[in-house]
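Chemist: Model the full assembly from the supplied sequences, consistent with the hints where possible.
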Amino acid sequence: MNEKKHGPFCHIFCDEEDWFAYDVNTNALLEIEPVLAAVLPLAGRRDQEAAVKQVADRFGRDQVEEAMASLAEGRRVDGLFSDHRPRIVPPDPALAAAGACDRELSQLVLSVTDRCNLRCGYCPHGAGLSHVRSHGNATMTTGTAIGAVSYFLDRCADRANPSISFYGGEALLEAELMEEVVAFARRHSRGPEITFSIDTNGLLLAESLIGWLRREEIYLQISLDGPPDLHDRNRRTAGGGRTCERILENVERLVRADRSAADRLSFIVTLTPPTDLVAISDFYADFPPFRRVGIERQPVVSVNYANLQGLSWPASGEDCEDLQRQIESARREYLSAIRENRREGLGPLIQALFEPDLIRLHHRNRSPLGETFTTGANCRPGRRKLHVTVDGQYQPCERVGDVLSLGSVSTGIRPDDVGRLQLDFHQAVSERCRDCWALRLCRVCYSAQATERAAVGSGLPVPAATCRGVRRRVETDLCMMARVLQQPKSSRAFLDDTVVI
Amino acid sequence: MYRKLDEKTESTGNVVTAAEEDCNCNCKRGSTENEKETPAGNHSQTEFANHYEVHGSSDQ
Numbered sequence: 000m001n002e003k004k005h006g007p008f009c010h011i012f013c014d015e016e017d018w019f020a021y022d023v024n025t026n027a028l029l030e031i032e033p034v035l036a037a038v039l040p041l042a043g044r045r046d047q048e049a050a051v052k053q054v055a056d057r058f059g060r061d062q063v064e065e066a067m068a069s070l071a072e073g074r075r076v077d078g079l080f081s082d083h084r085p086r087i088v089p090p091d092p093a094l095a096a097a098g099a100c101d102r103e104l105s106q107l108v109l110s111v112t113d114r115c116n117l118r119c120g121y122c123p124h125g126a127g128l129s130h131v132r133s134h135g136n137a138t139m140t141t142g143t144a145i146g147a148v149s150y151f152l153d154r155c156a157d158r159a160n161p162s163i164s165f166y167g168g169e170a171l172l173e174a175e176l177m178e179e180v181v182a183f184a185r186r187h188s189r190g191p192e193i194t195f196s197i198d199t200n201g202l203l204l205a206e207s208l209i210g211w212l213r214r215e216e217i218y219l220q221i222s223l224d225g226p227p228d229l230h231d232r233n234r235r236t237a238g239g240g241r242t243c244e245r246i247l248e249n250v251e252r253l254v255r256a257d258r259s260a261a262d263r264l265s266f267i268v269t270l271t272p273p274t275d276l277v278a279i280s281d282f283y284a285d286f287p288p289f290r291r292v293g294i295e296r297q298p299v300v301s302v303n304y305a306n307l308q309g310l311s312w313p314a315s316g317e318d319c320e321d322l323q324r325q326i327e328s329a330r331r332e333y334l335s336a337i338r339e340n341r342r343e344g345l346g347p348l349i350q351a352l353f354e355p356d357l358i359r360l361h362h363r364n365r366s367p368l369g370e371t372f373t374t375g376a377n378c379r380p381g382r383r384k385l386h387v388t389v390d391g392q393y394q395p396c397e398r399v400g401d402v403l404s405l406g407s408v409s410t411g412i413r414p415d416d417v418g419r420l421q422l423d424f425h426q427a428v429s430e431r432c433r434d435c436w437a438l439r440l441c442r443v444c445y446s447a448q449a450t451e452r453a454a455v456g457s458g459l460p461v462p463a464a465t466c467r468g469v470r471r472r473v474e475t476d477l478c479m480m481a482r483v484l485q486q487p488k489s490s491r492a493f494l495d496d497t498v499v500i
Numbered sequence: 000m001y002r003k004l005d006e007k008t009e010s011t012g013n014v015v016t017a018a019e020e021d022c023n024c025n026c027k028r029g030s031t032e033n034e035k036e037t038p039a040g041n042h043s044q045t046e047f048a049n050h051y052e053v054h055g056s057s058d059q
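For the record, the sequence lines run as chains A and B.
Residue numbering for the first sequence follows numbering that gives the first Met the number 0, starting at 0 and increasing by one per position.
Residue numbering for the second sequence follows numbering that gives the first Met the number 0, starting at 0 and increasing by one per position.
Quick caveat, the hints were computed from the structure, so don't treat them as lab data.
Just so you know, even glycine gets a beta-carbon here, dropped at the ideal spot from N, CA and C.
Treat the hints with care, since some could be wrong.
Here are the simulated EDC-like pairs of lysine to aspartate or glutamate, each with C-alpha atoms no more than 16 Å apart in a straight line [to be verified]:
no. : chain 1 : residue 1 : chain 2 : residue 2
1   : B       : Lys3      : A       : Asp17
2   : B       : Lys3      : A       : Glu72
3   : A       : Lys488    : B       : Asp5
4   : B       : Lys3      : A       : Glu64
5   : A       : Lys52     : A       : Glu65
6   : B       : Lys3      : A       : Asp77
7   : A       : Lys488    : A       : Glu339
8   : A       : Lys52     : A       : Glu64
9   : B       : Lys3      : A       : Glu32
Only part of the chain A face toward chain B is listed, based on derived beta-carbon distances under 8 Å [said to hold, decoys possible]:
no. : residue
10  : Leu28
11  : Glu30
12  : Ile31
13  : Glu32
14  : Leu35
15  : Glu65
16  : Ala66
17  : Gly73
18  : Val76
19  : Leu484
Modeler: Written out as structure tokens, the structure is:
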């Protein structure tokens, strides 16, 4: 049973001299006076009177009384500062029933091989972790791939933008298999046109593939961490060779042969300390392959923070602090650009650092928090997305290591497995969630359970550190959002022209 | 004493019933107009447990 905790269900935070509150029940973000920031946590406390007296010593009794009146008015007029906490309930078992959890898919991710021609310093697949598949020689058979695609085609016909993506290892090591899959899916699709994408390190982007990529309009997500000296620090071949220049040559050859390919390219930057954000930003703002071919558009970039847990990593504490300073500096630059209406000139890296989170927050649910709340609402296993391992295991996504399974190509999605996964997750986090201010914005998902192998018969835990880290992240996002919202409306109108996909 | 910073009111889903629209998964990207046509990519890494936390300091 949840016990109602007295006091507003809010999170109060400070950035420089300014105070903000995030109101969980309304999902509202507020700018507040310092005295209200001091008073809010005291409301409803048993020792409220003594606590208020302490605040009065600091702000003066008039100010404190005004803050208390404002709190009461906020409750009455705007529905803010409510004490209400929802009851945390497990997912409705009906969500895991046959016909509910195995009928609608939008994205199929095929891990076509465990082989990789690179040995990146931060790659979890090369770290010997017990819960993550290691680089190996396993490759998906055509039968497995076709079986998974058939299953997907039976479930995506009603979806708006179905997609099949290829993952690895290095997916381009299995170009022939991908060609077979694309041809099969095109031939047998009964719904909207399917989009195909490949996650690749770009090293094997051979000339012989360019025609196929163009004909099938295939999207590529290329891992490219920045200019050669930064990229090659971590992303090396199995033999230790450099890779950046070869990737850039491949990208240039691709867009020279097919300019439309530039519209289907995106690049993912994995940040690890030590690094140089300015150098990466400059690199993408004047992206050499595009410049040399005369393509004016900026590349689409996304940013990824490497997970170094379990890895032996040479970064020092000083390097980590330096990266924090660089990100803070980028944040200031971003806010200045917003304020001065020069966002367009920021370059893709700086935008990629902050905007995906801002956009998601902008589109957050504004309906009032209900009586109950189900954790794990961040994902519906078996719906929307399905990852297939090289040996044909079905998983909720590609981030869950070797630990979680929903079935296989031979069994289909197993409702029992989905139900167990949902319940395991609920049991792992529900105690923690019930009084957590970040529950509506939380990103902790099943992948957080893929951190170790559980003892036989016990559920998979979600490390408490994961929750702490996500709360810090959410607060940072809220803080950035608050700063952006303080700018004139015209300078943040771009948020209205965005979507969450 | 307080000021609401954004007033957008339309609902995008139902938190209570764990609607798909409330998925906060990182693969559901916030995308600008320029990127709308780009399909959601895969995750290369997990976003959890960074050793070099770059964010705020609060906790409960």
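Chemist: Confirm or reject each hint.
Modeler: Cross-check of the supplied hints:
{"no.": "1", "hint": "B:Lys3 with A:Asp17", "in the structure": "14 Å, holds"}
{"no.": "2", "hint": "B:Lys3 with A:Glu72", "in the structure": "13 Å, holds"}
{"no.": "3", "hint": "A:Lys488 with B:Asp5", "in the structure": "10 Å, holds"}
{"no.": "4", "hint": "B:Lys3 with A:Glu64", "in the structure": "21 Å, violated"}
{"no.": "5", "hint": "A:Lys52 with A:Glu65", "in the structure": "14 Å, holds"}
{"no.": "6", "hint": "B:Lys3 with A:Asp77", "in the structure": "10 Å, holds"}
{"no.": "7", "hint": "A:Lys488 with A:Glu339", "in the structure": "12 Å, holds"}
{"no.": "8", "hint": "A:Lys52 with A:Glu64", "in the structure": "11 Å, holds"}
{"no.": "9", "hint": "B:Lys3 with A:Glu32", "in the structure": "12 Å, holds"}
{"no.": "10", "hint": "Leu28", "in the structure": "5 Å, holds"}
{"no.": "11", "hint": "Glu30", "in the structure": "5 Å, holds"}
{"no.": "12", "hint": "Ile31", "in the structure": "5 Å, holds"}
{"no.": "13", "hint": "Glu32", "in the structure": "5 Å, holds"}
{"no.": "14", "hint": "Leu35", "in the structure": "5 Å, holds"}
{"no.": "15", "hint": "Glu65", "in the structure": "7 Å, holds"}
{"no.": "16", "hint": "Ala66", "in the structure": "6 Å, holds"}
{"no.": "17", "hint": "Gly73", "in the structure": "6 Å, holds"}
{"no.": "18", "hint": "Val76", "in the structure": "11 Å, violated"}
{"no.": "19", "hint": "Leu484", "in the structure": "4 Å, holds"}
In terms of the numbered hints stated before, the structure departs from hints 4 and 18, listed from lowest to highest.
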